[in-house]
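A.B. asks: Chain U is already provided as a structure; the job is to place chains X and A on it using the hints.
Now for the letters of each chain:
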Amino acid sequence: MKVKFGRSLAIAITIGTGLLVLANFFVRNEFLRRVQQTLLDWALILAAVALLLGAVNVVATHLRKIRGRRPGWVYSLFLLAALGTVVLLGFLDPRGVASPAVSWVFLYVHVPLQATIFALTAFFIASAAYRAFRVRSVDSFIMLVAGIIVLLGQVPLGQAIWDRIAAAKDWILAYPSTGGARGIILGVALGTILTGLRVLLGIDRPHVK
Amino acid sequence: MSDVSNLIGIWVSALLTVMVLSYLLGDNPLYRLAEHLFVGTAVGYAVLVAYYSLLRPRLILPLLQAPLENWTLVVPLLLALLLLARLNHSWRGAGMAPLAFLLGVGVALALGGALFGSLLPQVEGTMLSVNPADGGWGVAVGNLVLVIGTVSALAYFYFTGQGDTGWGRLRAGFLKAWRGLGKWFIMVTFGAIFASTVMARLSLLIGRLQFLITEIPKTLR
Amino acid sequence: MDSILELLGNSGITATQALMFILLLLVLPLLALFASQLHAGKRIPLRPIRAFERLGTFIGQSAETGQPVHMSLGVGGIVDPSTAESLAGLALMEHVATEATACGAPLTVTVSDPTLLPLAQDTSRRAWETHPYQYQVQEPEARMIAPDATAYAAGVMDILLGERVAANIMVGRFGPEYLLMGETGVKCRVPQVVGAADPQVLPFVHATADDMLLGEEMFAVGAYLRPRPVHIASLRVQDWLRVFLILTIVLGVLLRSL
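Protein chains in written order, with this note's numbering: chain U, 14 to 222; chain X, 780 to 1000; chain A, 5 to 262.
Only chain U is shown next, with the shape it has when bound in the complex:
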């Protein structure tokens, strides 16, 4: 009985909040706008709390790994040390996230690591290209032709091969490529609309036990 009430309440909360936020897309009304803003602020606060729970989950996962001496547990030690150091530096200084120590870690540890790991994609894209552009069918042949024209259209070498290649690249990007992308985006919009409506109608309840 208690569980059942909890379920109904959860579904009602989702539908109620959802409709209030959604109404703003359809009506320009000052009161509704303020309600929506308040709800979004609350959501932000809750997302921050969820992050604390997430951090607890990260710590617990790696502690388990260390305790069980699972492969790679030593790295988990370093992960926890880095996490703990950043959090400690932040909480020891009243300026918190704006403290010089945290800024230093952010600028000289976090940012370069992020930028360099992301830059690895430059190599990954090369090996992915080799596979993607292998011609196995009409489909992949079409992809190859479009890819080559767009790639060569960006570099001087392409101009040397065919003087109108930049124009061809622009044409592909402006028309057929945009068309294909629009079809995908519209399809995704349809899927999103039905997924959202099913939740707002209480049909799908991924959050209810």
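Derived from the structure by calculation, the hints contain no laboratory data. Note that this is a predicted model, so its numbers are computed, not measured. No incorrect hints appear here.
Derived DEER-like restraints, expressed as beta-carbon distance ranges:
hint : chain 1 : residue 1 : chain 2 : residue 2 : range
1    : X       : Leu794    : A       : Gly108    : 42 to 50 angstroms
2    : U       : Arg46     : X       : Ile985    : 42 to 50 angstroms
3    : X       : Val920    : U       : Val151    : 18 to 26 angstroms
In this text, a Cβ means the ideal position worked out from N, Cα and C, and glycines have one as well.
C.D. replies: Relative to the frame of chain U, chains X and A by itself:
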């Protein structure tokens, strides 16, 4: 920040950059160490942002300093406590209410975004003139290609219905042709996006290498 | 017509807003109609999607070898426009977690956004609880890696490189960091099933995944894997809306051109 800490900082970031790039020689302990440090700082930093930029200024301080003016914040406070109750496994059910709230907000934003951010502008943007009198043959043909591309790529996703009757079979054949055409347009899109991304990613890598080449010698001067 | 527009304008509603609202309202009776037809026994056949068919094979392989399946729910959450993609990932996760616990395949589910974590944890718990001998099987592990998208990708790379994964299933919101995970999966020779929506990411999914759920296909999980009438009816409604959009576009093009 002092010059010394900057100097150390540059060397630390150079060392970390090299450690990450060592992955290109194969998966190795140096890379994995750098990667774990990265994940650790990312989570730690997010915790600080969550507390100092959101929870403290938007929930804790307003409630402590002016509880009467900010009484509505009791609602998120209560939801926050219910969410935190999840830490105790037997109380996981209590977290349903805050999750229901978050999901309501998220679903509405997704739905509104799909309608007004995707559907409307994309449909409007595809209603183009294919009359050469409007902008010349080049534009007319281009627009026609764009329209056919959009329509056929959208038709590619058609999920339901394959009839056995004469009418159904005709419809299925018609649909199959459009879906095939749509797949080709999607392939052109894939090829074009792939190729335009290559350059952007390469420049990121060049940026990192430039950092190593230019910043480190500066510190030695 | 003008008087209707004026009335709307006074109440703060523009013509496009009204149009979108009508579109949304039209969906409801259609959904109810198709669902009731399905309940009455009408069959709506669906075109085959290979990714859905192959999932079972991968989970079976994992159960045989004891190597874990990794599932990623992407970098999206449940409080922003990425919600629909995250829900698509969760729907697939529910199926994968149920199958994995049923046949004893170890499963690790990872998320990046902390708001998605509780839902992933509850989904895994639910799948485990439905197992008749739940204390003899392992509960799927749902965990967060890092809220930063690149850090998340780095963490997934670590799982793929270090844990000898039997299959890698990724469905949800992905951005440019996708390539780090997808390409590592290929390098480790892990079979991959990937569903994503962003056209900027899909070419890389195409290049790295053995089977892909392209855009809208990722939202069809419910209809294909847990055939509930209302989910199949949803796809039918999507197809009707698709035809409606196509006709609207064609009509618009004709009006502009003439």
